[in-house]
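Q: Chains as they are written, first to last, in the numbering used here: chain P, 19 to 501; chain S, 39 to 521.
It should be emphasised that the hints constitute simulated quantities derived from the structure, not laboratory data.
Treat the hints with caution; some may be incorrect.
Here are the computed lysine-lysine pairs in the DSS-like style, where the Cα-Cα straight-line distance is at most 30 Å [unchecked claim]:
#: 1; chain 1: P; residue 1: K97; chain 2: S; residue 2: K379
#: 2; chain 1: P; residue 1: K153; chain 2: S; residue 2: K379
#: 3; chain 1: P; residue 1: K97; chain 2: S; residue 2: K411
#: 4; chain 1: S; residue 1: K411; chain 2: P; residue 2: K282
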Amino acid sequence: MQWEAVIGLEIHAQLATKTKIFSGASTAFGAEPNTQACAIDLALPGTLPVFNKEALEMAVMFGTAINAEIGKTSVFDRKNYFYPDSPKGYQTSQLFYPIVGLGQLDIALDDGSIKTIGVTRAHLEEDAGKSLHEKFANMSGIDLNRAGTPLLEIVSEPDMRSAEEAVAYAKKIHSIVTSLGICDGNMAEGSFRVDCNVSVRHKGAEKLGNRTESKNINSFRFIEKAIKGEIIRQIEILEDGGKIDQETRLYDAEKDTTRTMRSKEEANDYRYFPCPDLLPIVIEDDYITAIRNNLPELPDARKQRFITQYKLSEYDALNLSADKAQANFYEAVVAQCKDAKLAANWMLGEFAKMLNQNDLSIEHSPVSEHKLGQLLTRIKDNTLATNGAKQVLEALWSEEDEVDSIIAAKGLKQVTDTGAIEVIVREVVSNCDKQVQQYIAAEPDKRGKMLGFFMGQIMKASKGKANPGQVQALLVPILDELC
Amino acid sequence: MFSKTIAQLSQGLQTGEFSACELTRNYLDRISAQDSKFNSYITVTPELAMQQAKAADKSISAGTANAMTGIPIAHKDIFCSKGVRTSAGSKMLDNFISPYDATVIEKFNAVQSVSLGKTNMDEFAMGSSNENSYYGAVTNPWGENRVPGGSSGGSAAAVAAQLAPGSTGTDTGGSIRQPAALTNLTGIKPTYGRVSRFGMIAFASSLDQAGPITKTAEDAAMMLNVMAGFDPKDSTSSNTAVDDYTATLNQPLKGLKIGLPKEFFSADLNPDIANRVQDALKEYQTLGAELKEISLPNTALAIPAYYIIAPAEASSNLSRFDGVKFGHRCENPVDLEDMYKRTRGEGFGTEVKRRILVGTYALSEGFYDAYYKKAQQIRRLIQQDFVNALKEVDVIMGPTTPQPAFKIGEKTADPIDMYMEDIYTLSLNLAGLPGMSIPCGQVDNLPVGLQIIGNYFAEQRLLNAAHMFQQATDWHTQTAPGL
Numbered sequence: 019m020q021w022e023a024v025i026g027l028e029i030h031a032q033l034a035t036k037t038k039i040f041s042g043a044s045t046a047f048g049a050e051p052n053t054q055a056c057a058i059d060l061a062l063p064g065t066l067p068v069f070n071k072e073a074l075e076m077a078v079m080f081g082t083a084i085n086a087e088i089g090k091t092s093v094f095d096r097k098n099y100f101y102p103d104s105p106k107g108y109q110t111s112q113l114f115y116p117i118v119g120l121g122q123l124d125i126a127l128d129d130g131s132i133k134t135i136g137v138t139r140a141h142l143e144e145d146a147g148k149s150l151h152e153k154f155a156n157m158s159g160i161d162l163n164r165a166g167t168p169l170l171e172i173v174s175e176p177d178m179r180s181a182e183e184a185v186a187y188a189k190k191i192h193s194i195v196t197s198l199g200i201c202d203g204n205m206a207e208g209s210f211r212v213d214c215n216v217s218v219r220h221k222g223a224e225k226l227g228n229r230t231e232s233k234n235i236n237s238f239r240f241i242e243k244a245i246k247g248e249i250i251r252q253i254e255i256l257e258d259g260g261k262i263d264q265e266t267r268l269y270d271a272e273k274d275t276t277r278t279m280r281s282k283e284e285a286n287d288y289r290y291f292p293c294p295d296l297l298p299i300v301i302e303d304d305y306i307t308a309i310r311n312n313l314p315e316l317p318d319a320r321k322q323r324f325i326t327q328y329k330l331s332e333y334d335a336l337n338l339s340a341d342k343a344q345a346n347f348y349e350a351v352v353a354q355c356k357d358a359k360l361a362a363n364w365m366l367g368e369f370a371k372m373l374n375q376n377d378l379s380i381e382h383s384p385v386s387e388h389k390l391g392q393l394l395t396r397i398k399d400n401t402l403a404t405n406g407a408k409q410v411l412e413a414l415w416s417e418e419d420e421v422d423s424i425i426a427a428k429g430l431k432q433v434t435d436t437g438a439i440e441v442i443v444r445e446v447v448s449n450c451d452k453q454v455q456q457y458i459a460a461e462p463d464k465r466g467k468m469l470g471f472f473m474g475q476i477m478k479a480s481k482g483k484a485n486p487g488q489v490q491a492l493l494v495p496i497l498d499e500l501c
Numbered sequence: 039m040f041s042k043t044i045a046q047l048s049q050g051l052q053t054g055e056f057s058a059c060e061l062t063r064n065y066l067d068r069i070s071a072q073d074s075k076f077n078s079y080i081t082v083t084p085e086l087a088m089q090q091a092k093a094a095d096k097s098i099s100a101g102t103a104n105a106m107t108g109i110p111i112a113h114k115d116i117f118c119s120k121g122v123r124t125s126a127g128s129k130m131l132d133n134f135i136s137p138y139d140a141t142v143i144e145k146f147n148a149v150q151s152v153s154l155g156k157t158n159m160d161e162f163a164m165g166s167s168n169e170n171s172y173y174g175a176v177t178n179p180w181g182e183n184r185v186p187g188g189s190s191g192g193s194a195a196a197v198a199a200q201l202a203p204g205s206t207g208t209d210t211g212g213s214i215r216q217p218a219a220l221t222n223l224t225g226i227k228p229t230y231g232r233v234s235r236f237g238m239i240a241f242a243s244s245l246d247q248a249g250p251i252t253k254t255a256e257d258a259a260m261m262l263n264v265m266a267g268f269d270p271k272d273s274t275s276s277n278t279a280v281d282d283y284t285a286t287l288n289q290p291l292k293g294l295k296i297g298l299p300k301e302f303f304s305a306d307l308n309p310d311i312a313n314r315v316q317d318a319l320k321e322y323q324t325l326g327a328e329l330k331e332i333s334l335p336n337t338a339l340a341i342p343a344y345y346i347i348a349p350a351e352a353s354s355n356l357s358r359f360d361g362v363k364f365g366h367r368c369e370n371p372v373d374l375e376d377m378y379k380r381t382r383g384e385g386f387g388t389e390v391k392r393r394i395l396v397g398t399y400a401l402s403e404g405f406y407d408a409y410y411k412k413a414q415q416i417r418r419l420i421q422q423d424f425v426n427a428l429k430e431v432d433v434i435m436g437p438t439t440p441q442p443a444f445k446i447g448e449k450t451a452d453p454i455d456m457y458m459e460d461i462y463t464l465s466l467n468l469a470g471l472p473g474m475s476i477p478c479g480q481v482d483n484l485p486v487g488l489q490i491i492g493n494y495f496a497e498q499r500l501l502n503a504a505h506m507f508q509q510a511t512d513w514h515t516q517t518a519p520g521l
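Bound-form chain P, shown alone (with noise of 0.2 Å):
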């Protein structure tokens, strides 16, 4: 029996505005607990809400920027449910009537096709405070100092059939958002949370399966596993002849695996209705005309961009445009290379490899845009081999020094005088005697192919410092001079 999943994702996104969606205090992240809560966020009795016109205008960004409808006449209404970290009892929010309505997007897939997902809505509402279980022995501790950040919650169509494409859609809609500038993205810090809902059914089927919805995930990876995990699940149980309750389950990422939170039966019945401290918002055509005429740059523009401009392939493109601090990265160290593929493939290649292996995003990358602009100017100069650039690229990655300073003090610099080049290239061939003979003996088109073993010992014997253009274009002739 084929199966197939049908996934949908709700995704949050904090929006980078000073302060709350109702109330003066600020944002950021990281202060002592309820040090950023005012009078509003502690929800004292007789407060009031006024909506901050600066998350109005990040909503409409987001929605002109997916081509969406816009509410020219949007609601806030109370979602009613107890936890301590909720101070009013409620949550403001947008059940009725959203800020976004239905809009698209295209994810680009790894065979290279182009996927269109639905964004049913996105509407704003307020995030919660925080419960802190573990500092405090039989007790809980409440921070509200997230209370009242305002959220975008992004809703999406169930488009997605795999995991990788629920993992290309909350890249997309990331990429978007953080292009906007209306949310950092940081993942880690909560900034950008996805919740998954997963179903299966037989291919073909038209009716959906139950669904369970996986909450708050915060990196892309663990969406991956969580949905791929839930996949499996669902049609592991389908499979015994069981079937699947319609519940809310959590991630644990340390044991990778879903685990139910509450079931349907132990849903909340919200009782949303109209928020009476708030007017509906209504706009005018004009504040959306103005909106969408100053939007910046968006992800898909940039890589078409990226593809005239810097003739960069497809992939390439795509892969340096998708996330908004990369594409500005990669930009500045173009405009101090000068030299746009090369910047690309360093940029894609070794660089992103060293990011990996630490686990570091590109804003907070030890080495700055200008000092591998500056590293790519010395390969291109032919200062530097390949080998000799990589062991700089290590260097500064561990020490606050200059390229070329790390150049003369590791002796890098790349061999290009001939004659030296042609004594390197000489005594290896001499010492290599068997390798010479096959090569000797071996048909004329064959030949090419054995150069690499020379080459590789030309350059191991230079230190890694021989021009490899030159190496190869000396090692022919004196190779055929054998032959």
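With chain P fixed as given, assemble chain S onto it according to the hints.
A: For chain S alone, coordinates are given in the frame of chain P:
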């Protein structure tokens, strides 16, 4: 001194007949001597009052005083006042010292009025007799064992017993007008949005509105001049320009069209009250006004609609009282649910619990459309009734209450009977219109109130109509027997 109106006291202060300190001291002494009979205050703040009076005297002698400078005022204990317990008449907030001032309090502070203390009220403003207070019932100075009305019963009793020359109240369904009527006072509920709700502990956000309770319409105009105005901290407050309510008090009433809704003069109305109201209308005719019978056909639906909407909003507004952040918390909770249940079980009184239950039920999944949505539709019909009527007439008049002050304990067993108290008043709150009550005679030595209803932001017209009546009659000058 205690029989003087605010206008007279203001003049006395300006001419140096007495100082704000003397005036305040006298009132404080009278409160400590007399209030045990009435229980009109929950908290008296003598130190704060004397401090404010001293500052007021300085401004008066410096010539920078406002008409309200140095006037002692009693505030309903629903307005948060910094550093002072603000209980809303509830055990839940018996230990709550507000860290901030409500906008209404701030405004009286700005003109240097003197705050004598906080007056008794039905718990969270839910009641029509002031019997639902954690701090005990309030006695109406007009009759031993008679209720003063509610929920602003303490505010009314304090002025009627001459323990303050004026007081603030709030009116969600009649809570200013009904106590004013039952204690021979003048009370005005302004248009919804005219006075800021910031810092006023919410009962039903879309209905709550603050206003003054005074001896005369002139005093009410003076107090409303301080209270009214747009507040950026209350999104539902109106930025319509504020009139000077004292400027037009003496405008002749010739040609004033008074509408008499036949639904307000039905069989439920005590015939003696009907006679007093008819006498008052005759007086208005003498003053040049014209009478016209009108119809408000949906009047009968007001009580059922109100008792869905108000409890629904209250059930949500009162969720913040959960024992987590402030107010009452039960002893030694075993877990979170136990804390919620016992905290709220112990902290709220019977009527508050009843309304939370009703409101929670009305908003529940599956009932929302049948109750809350339907009630909102009725609300629009009721509003439309008034809008239509006010196209034909300038003001609408009728009784404030169906009967005079009832005995303490008389209606506590039958909530519906109690709710009927507000039959003539609460439709205005649903419509958001301004209304006031002025004394128009007595039945069995108990005061009767005439209700005057006007169009949106027509407070000037209401106060003018009330003032001209008070210039022609002396019902409002009569004081409770034994004072």
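Q: Decide, hint by hint, whether the structure agrees.
A: Checked hints:
For the hint pairing K97 of chain P with K379 of chain S, the CA-to-CA distance comes to about 20 Å; that is within 30 Å, so the pair holds. Between K153 of chain P and K379 of chain S the CA atoms are separated by roughly 25 Å; this keeps the pair inside 30 Å, and the hint holds. About 16 Å separates the Cα atoms of K97 of chain P and K411 of chain S, which keeps this hinted pair within 30 Å; it holds. The hinted pair formed by K411 of chain S and K282 of chain P meets the criterion: a straight-line CA distance of about 26 Å does not exceed 30 Å.
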